[in-house]
Amino acid sequence: MSRLTVPKTYKLYVGGKFPRSESGRTYEVTTPKGAFLANAAQGSRKDARDAVVAARSAVSGWSGATGYNRGQVLYRIAELLEGRRAQFVDEIVQSEGVSAAGAAVDAAIDVWVWYAGWADKYAQVSGTANPVSGPYFNLSVPEPTGVVAAIAPQQRKGASLLGLAAVVAPVILTGNTVVVVANELAPLSAISLGEVLATSDVPGGVVNILTGSPAEMAPWLAAHADVNALDLAGAGDLEWVDLQIAAAETLTRVLQPEPGIPSPSLDRIGAFVEIKTVWHTKAML
Amino acid sequence: MGFLEYAPAPESAAILNLKSEYGLFIDGEFVDGRGEVFDTISPATEEVIASLAQADEKDVDRAVAAARRSYEKVWSRMSGSDRGKYLFRIARLVQERSRELAVAEALDNGKPIRETRDVDVPLVAAWFFYYAGWADKLEYAGLGPNPRSLGVAAQVIPWNFPLLMLAWKIAPALAAGNTVVIKPAETTSLTAMLFAEILQQAELPPGVVNIVTGPGSTGQALVTHGDVNKVAFTGSTGVGRMIARSVAGTSKKLTLELGGKAANIVFDDAPMDQAIEGIVNGIFFNQGHVCCAGSRLLVQENVHDEVIDRLKQRLSTLRMGDPLDKNTDIGAINSAAQLERIRTLSDVGEEEGAERWTADCVIPDKGFWFAPTIFTQVSPAHRIAREEIFGPVLSVITFRTPAEAIAKANNTPYGLSAGIWTEKGSRMLALADQLRAGVIWANTFNRFDPSSPFGGYKESGYGREGGRHGLAAYLESSGWDAAGSSSASRAVTSGAPKTSAPKNSAPKKQRKATQKAVAK
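As they're listed, the protein sequences go chains V and W.
First residue of the first sequence? That's 45 in the working numbering, and the numbers climb one at a time after it.
First residue of the second sequence? That's 689 in the working numbering, and the numbers climb one at a time after it.
Misleading hints may appear alongside valid ones.
Said to hold, decoys possible - Taking lysine to any residue and the SDA-like style, the derived pairs with C-alpha atoms no more than 20 Å apart in a straight line are:
#, chain 1, residue 1, chain 2, residue 2
1, V, Lys90, V, Gly105
2, V, Lys90, V, Lys326
3, W, Lys941, W, Gln908
4, W, Lys1112, V, Met328
5, V, Lys326, W, Gln908
6, V, Lys326, W, Asp1121
No lab work stands behind these hints: they were computed from the structure.
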């Protein structure tokens, strides 16, 4: 007499929508022991490019929002994660094969909260008023670099939700948009995070989540001329040197792989901003 | 003598006490290079000034080894305040010998003495003075409570501001506690040799600064050297790409200051007298050999004719000629090769349909010269509107609305600088926000200061030189996360402690990367 469950179809999250891969491909997501969990979309080169287009078109709106606004949106993500805590715990327990996942979800939520608070403060600690030798009002301020492509941490355990937060939050808080390749083996919580983002007032295109093979999609993202920065956080097991070489073609900024999950840090925020210095003459009365 | 004619007022090259031959400066001494000796000439007369040593791979090796030794044994152990005192000494010596340096720079580079005397050399002293004071205050640089130096810095600089670029590179590197191997440009190494003498007078410990002269191959050997921790390059975007490829996969920290194609935007309500001077300064300063030059003039359509007329009038008053003459406004083009590039692109401008106007200047018989040139009727698709000419050539494009100005200004892979001329403050601020460039000049142009960060967006490179941000290029952050964040970082750290990961995996990947980069 047990009720027949209604399993979710896991798709990509691109431009605020949930498309299937244009390639029509899926791959099986399993538990560490090999039991079937879901069919996830296997993103293609075209999906990666579509995601970059979506990310680019979201840059002007998102970077033009106030820091206070972006901070509230990021905090809202934390709120919604908290509300769907049980779902994320379930997904992580199943796909990572761990017995408890409450701490991992809590940590991910706290990462979002930590970065949310920086949105209206980062410019104050990284900007400067420059005492130049002359009658000029001179200020340096950080600006988002634009579109960032990121490879989320790929280890099977402990990374699926937390790893995504650790790479996405520091990128978008300053006004960048991101195309992120999710954890390949445990992608389910990434797509569920997409559902959270879609209902957290994050404008469509600000975060684009691709599932599938990082090895397949990363080269196209690294070489893409409309990608301003490349976060290789989870690319340690890929041919990441090739990715960095490809990125050099258009002087794309590159953050090299890190083992584990990147800690929340100002350095990560700073890796994806440009410092703009403006000189205003103050000698023309 | 007619209007605008002046009696010559040349500075004398006789005040210089030049040697006929200069070696490499390694470990505090001038030594012979293994490569073929080459001449440095005056681009204004094509006469040989001195001969210089050429460093090959083994020489570079020797220089890097000297830098490494002095880093480990002396410089990294010295107190910040003592490092600062050496830099203060250097700043003072530059000031004391400023006349000599200004003359040597004008002679070797071809730029007018008015600029070397009033811009280049004073800024060199200012740069050392500014960073000297940072040396014992690094914990305030915004990089955590205990930032660390990187080690040996490999630095390659261009020919347009030889001594100034050297100062931009060396001052922050030394203040932060690194040692340096620097390669000046092939055509403009003379003042670096004088600078080496200044280092001897300052009694800077041997090996802290090493200077290797030579062509591009010397620079390549330097930036690809396995024992350097930092690469800093100023020059063309093409070479910048090559360097970015060659350091891929290594732990070398890289900063690149590359080309530009800056928009200088003039609105109809601009303060016109200042704007005309600003346009002239923007593109004809230093013969246009400026990466941040305002080479695209974006002028509002309704004032186009007035601006162009006044520009032509103003340019007709500029005096081209002997760089050592204190009346000279426009000096010589730095090299025959650069002159050829300027000519070629200017010809392309005409072929593509732009209208050319060239100031009526007497071109000297010898040397490399190019008279100030303006192209009107330029379309954003023309090569002269897209490619960096690096010469005294201005491409004029019109716009009607601020939105159009922004779109056209940003329509370039470069993003180094931009200028805005308007009396309307709110418009100026709105534009400054929208322009994708690292340095914006509002109602001014081509201003530089050691306290002011300089560097580009997009394909103009990354990293900043100058100011507090310039220190970040030569320091490793000690991290803020440990003390700064709350439960988030604890939770994360317990799972996976943050280490300097790429470094651990670098050596085995590094060889591979270098091979690949060379293969390309």
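Against the structure, the hints:
Taken as a hint, the lysine 90 of chain V and glycine 105 of chain V pair is broken in the structure, with Cα atoms around 24 Å apart against an allowance of 20 Å. Proposed proximity of lysine 90 of chain V and lysine 326 of chain V is contradicted: the alpha carbons are some 51 Å apart, above 20 Å. Restraint check: the Cα-Cα separation between lysine 941 of chain W and glutamine 908 of chain W comes to about 16 Å, which is no more than 20 Å; the hinted pair holds. With a C-alpha separation of about 13 Å, the suggested pair lysine 1112 of chain W and methionine 328 of chain V falls inside the 20 Å cut-off, and the hint holds.
Taking the CA atoms of lysine 326 of chain V and glutamine 908 of chain W, the gap is near 44 Å; set against the 20 Å cutoff, the hint is violated. Between lysine 326 of chain V and aspartate 1121 of chain W the alpha-carbon distance is near 19 Å, which keeps this suggested pair within the 20 Å criterion.
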